[in-house]
Structures are given as structure tokens and as C-alpha cells.
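Chain by chain, the residues:
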Amino acid sequence: MNTPLIEAVEQLAAESAQYVFQEMLGITITRDDPTPLANEPGGQIVGSVGFVGEANGIIHLYAGLSFARTIAARMLSLTEAEIEGDELVNEAMSELSNVMVGRVKSNLCDGGRSCAITVPSVMRGQQLTVGEISEASYRLLGFRNCEHRLLLEVVVKEAQR
Amino acid sequence: MSNPASPMKLKILTVDDSKMVRIMVARAFKSYDCIVLEATNGEEGIVVARREHPDLILLDYTMPVMDGLDTMTALRADPAIQNIPVIMLTAEGSKGIMAKMASLGVRDYLVKPLKETALVARAGRVVSLNLRDALTLPDTLPEPAPLPSKDF
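Residue numbers (my numbering), protein chains in the order written: chain A, 1 to 161; chain B, 1001 to 1152.
I should point out that these hints are in silico values taken from the structure, not numbers from a laboratory.
Errors might be hidden in some of the hints.
Partial pick of chain B residues on the chain A-facing surface, computed with a CB cut under 10 Å [unchecked claim]: (1) Asp1017; (2) Ser1018; (3) Val1021; (4) Met1063; (5) Glu1092; (6) Gly1096; (7) Leu1114.
Each residue gets a CB set at the ideal place from its N, CA and C atoms; glycine is no exception.
Could you put together the complete structure from these sequences and hints?
Shown next, in the form of C-alpha cells:
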């Protein structure tokens, strides 16, 4: 347990994201430059899940709305035209974030850093930007599938022992 | 709700705050002769379980209002529903969680992301799943055509 928490969570989050996208959606995502998605046409959506305990932090998964619709369609084995309205897209991002951070949490617990995860939350916006928080360690990870980009924002604070 | 014309139809209750999971479960079992009921959290799940007496409960671990472990505790404390088998659905596969589930008598568990084939297979180990009838016979069959006569 000598690895700094932020490095451990960064690696776990990256592996988890790639695994979940592949297993859950059949989508391969590769590491990419972590440029913010602020200019994604149609806006962005972010799914967030926190973890609390000996390891404390939160992981945000950002996607453009177009890619989020693709994600929802893949998750339900539907065409994108069959995804009507916002609800299913929001639900897909929520479940995706939940499964992804759940894997991170399991690995943290098995590695000796016990914690529990929060219920996921989803937010939409046009100009969502990411920024560092003082007193916390922070990483921004970029991913890509063809023209679609994703961002993972990892924020952790090691518990005082 | 049970179909009064088929009182013995298998009932599966999905307790999960994720609409995506509830849709996926319903789709997984649509080829089988069963009714899939839903609840969005543990508290609602207990209410539905007491009313419907499902044959199997698929229970999420992390939920608002009442989570999976508290729901299991409530189920086991109620004599009317304490013997309903439960398969836990969880995004967390840590050893600690597995141990807690086992101590509460969870019959089996599935770590998300869910695969429909795995879900059906695990459910099939706990309850008897039958495919829905592929053919529906008419009430009356047409008269068979007469056989041609032959001179031997």
C-alpha cells in the first residue's frame, strides 16, 4: 500500500474505463490527450461516483452528448434512433459510471484501502470545464474511440491516519 | 402483477435503482415464461416482495433509500418472505462484500457489467426457467387428406 493513492486510483480508473467500455458496450477506447470537452457540439454530460472511507475521492466521466447517445444505444442493444429523449442517455451514463467506479472501489478494498461508493449522479451542460481542487490530488485522463472523446477526472484525498 | 389466467407463472423481482439494469433484466427473461416485476430501491422491493411473493429476487447492492445489505436483512427478518432466494447484482466484487453477502444468505451474485446469458444461467440454477411456448396450436385441426388408394 505504498503507492500514493492518486497514482493507484488513476491507474485503476484507466484500466476500469477501458475494461467496462469493452465488456459492457463492445467499444474500444484508447488513451488520448486530456483536452477538455468544452467545445463538444450539443454539449456534454458527466457521470460522477464518489468513494469514501480509507480512500476518499470522486471520479467524473465526461462525454459529448453524441457519444453518450451511442453509449446508451449500445447498452440496450438499440439503434440511436430508438433512444428518445434524455432519460435513457442519463441512465446509461449513470450505470456506466457506477460500474466503472465499482471496479475501482473493489480493487482499492482488496488492496487494503477500504471504502464505499456513493450513488451515481449525472449532470449536463454546454461548457463544462474541469479544474483542480486545493487540498486534493488530481488527475485528468483522456480517451478516444474514433472521433469520440472521453475525459476521466480523478480527485482523491488520502484519509488522515 | 400476476396473470389470473396463469397463477403459477414464475415471478422474478428486480430491485435496482438503475433503469438500464431493469430494462436489461426484462429483456434477458422475455423469452421465458415468467413475469418480471420491478422496484427502484430496497424499501420498495420489500413492499413488492410482500405483495407478490416472487420466486426469485435480483437485488442491487448500492441503492438510495435502502441498499442491498439492509434489504437482505429486512427480507430475512420477515417470515413471509425470508425464504425467497436472492441473487445479488453488484458493481463491486471485493472480498469483503462477497463475505457479507454470504453471511446474509445470498444464493448467488453477479458482478456488473451484466451479461444476459450469465444472468439467465445463474437464475436457472435457482428457479426452473421454461421457454415461452414457441407454437400455439389451433383449437381444431384440419381433417387429414385421404390417402391415395394403391393396388398391390
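Results for each hint:
1. Asp1017: Where the cut-off is 10 Å and the nearest Cβ of chain A is about 7 Å from B:Asp1017, the hint holds.
2. Ser1018: holds, 5 Å
3. Val1021: holds, 7 Å
4. Met1063: At about 7 Å, which falls below the 10 Å cut-off, the nearest Cβ of chain A leaves the hint on B:Met1063 intact, so it holds.
5. Glu1092: holds, 5 Å
6. Gly1096: Where the cut-off is 10 Å and the nearest Cβ of chain A is about 6 Å from B:Gly1096, the hint holds.
7. Leu1114: holds, 8 Å
This entry satisfies every hint, going by the numbered hints stated previously.
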